[in-house]
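S.K.: Residue numbers (this note's numbering), protein chains in the order written: chain Z, 36 to 149; chain A, 739 to 849.
Treat the hints with care, since some could be wrong.
Counterexamples of contact, computed for chain A against chain Z with all Cβ distances above 12 Å [claimed, not checked]: (1) 750; (2) 801; (3) 807.
Straight-line C-alpha distance at most 25 Å; calculated PhoX-like pairs for lysine-lysine [to be verified]: (4) 113/Z x 787/A; (5) 806/A x 787/A; (6) 806/A x 796/A; (7) 836/A x 59/Z; (8) 836/A x 787/A; (9) 836/A x 796/A; (10) 113/Z x 103/Z; (11) 806/A x 103/Z; (12) 59/Z x 113/Z; (13) 59/Z x 787/A; (14) 796/A x 807/A; (15) 807/A x 787/A.
If you're looking for bench data, these hints aren't it; they were derived computationally from the structure.
Since we're looking at a predicted model, the values are computed, not measured.
Glycine included, C-beta positions come from ideal geometry on N, C-alpha and C.
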Amino acid sequence: DAGVIQSPRHEVTEMGQEVTLRCKPISGHNSLFWYRQTMMRGLELLIYFNNNVPIDDSGMPEDRFSAKMPNASFSTLKIQPSEPRDSAVYFCASSLLDRGDGYTFGSGTRLTVV
Amino acid sequence: AQSVTQLGSHVSVSEGALVLLRCNYSSSVPPYLFWYVQYPNQGLQLLLKYTTGATLVKGINGFEAEFKKSETSFHLTKPSAHMSDAAEYFCGGTSYGKLTFGQGTILTVHP
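The following block holds chain Z by itself, in its conformation from the complex (with noise of 0.2 Å):
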């Protein structure tokens, strides 16, 4: 399995653009999970979804941000307008829910807003 991939690795966009980070599960996981990287704030779960529907995005910091999961092997997380202070590493992981096996992350993407 070629594990969790996300893309682009990196991203350089002007503040209020759009931005949208795309991820594929691994195969046969049934939750898929975001997270957000910054030094202040360390690692913070935005939104998670189960058999692709969401189930809590109590950690989504404002309108301007939102995920889809339109079928079990693709994620996208979107930002629009984009700001500064949205610039962090956004990290997607998956899972099978309830088996107690730990989440797999993907390597990334490093969106830098200026």
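Since the structure of chain Z is already known, use the hints to place chain A on it.
M.R.: Leaving out everything else, chain A in the frame of chain Z:
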């Protein structure tokens, strides 16, 4: 709700010395607990996990952790540090499928 606290944002040890990274959890239900390692510019890699059963859990790279319910702790140890262990370590716990992490501990290993 589950919360996890890591004691000490930075730990420094000499090569060959014992590594001890501390983690405490709070939960109203028995949690699943995890330790992850993150090397620079990489994602998180699972070191070990506790779900049920044996409270002493062995992981990769010689690390182990002991689940102590009476102390609500899940500290990570390694008998002898290696230079390659230098990284950031995260303790995490799940509650209703939601994995939350402590703030992380940066481990520095000196020659």
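S.K.: Hint by hint, note whether the structure agrees.
M.R.: Each hint tested on the structure:
1. The beta carbon of residue 750/A sits about 19 Å from the closest Cβ of chain Z, which is more than 12 Å, so the claim that it is off the interface holds.
2. The Cβ of residue 801/A sits about 14 Å from the closest Cβ of chain Z, beyond the 12 Å cut-off, so the non-interface label holds.
3. No Cβ of chain Z approaches the Cβ of residue 807/A within 12 Å, the least distance being about 16 Å, so the stated non-interface status holds.
4. Between the alpha carbons of residue 113/Z and residue 787/A the distance comes to roughly 32 Å, so the proposed pair goes past 25 Å and is violated.
5. The straight-line distance between the Cα atoms of residue 806/A and residue 787/A is roughly 14 Å, inside the 25 Å bound, and the hint therefore holds.
6. With a C-alpha separation of about 15 Å, the suggested pair residue 806/A and residue 796/A falls inside the 25 Å cut-off, and the hint holds.
7. For the suggested pair residue 836/A and residue 59/Z, the alpha carbons sit about 19 Å apart, so the restraint of at most 25 Å is met.
8. A distance of roughly 15 Å separates the Cα atoms of residue 836/A and residue 787/A; the hinted pair therefore holds under the 25 Å criterion.
9. For a cut-off of 25 Å, the pair hint linking residue 836/A to residue 796/A stands: about 23 Å separates their Cα positions.
10. The hinted pair formed by residue 113/Z and residue 103/Z meets the criterion: a straight-line CA distance of about 8 Å does not exceed 25 Å.
11. At most 25 Å may separate the alpha-carbon atoms for a hinted pair to count; residue 806/A and residue 103/Z exceed this at roughly 39 Å.
12. Taking the CA atoms of residue 59/Z and residue 113/Z, the gap is near 15 Å; set against the 25 Å cutoff, the hint holds.
13. Restraint check: the Cα-Cα separation between residue 59/Z and residue 787/A comes to about 24 Å, which is no more than 25 Å; the hinted pair holds.
14. Simply put, residue 796/A and residue 807/A have alpha-carbon atoms about 17 Å apart, close enough for the 25 Å limit, and the pair holds.
15. Between residue 807/A and residue 787/A the alpha-carbon distance is near 15 Å, which keeps this suggested pair within the 25 Å criterion.
Violation of the numbered hints given earlier is confined to hints 4, 11; the remaining hints are satisfied by the structure.
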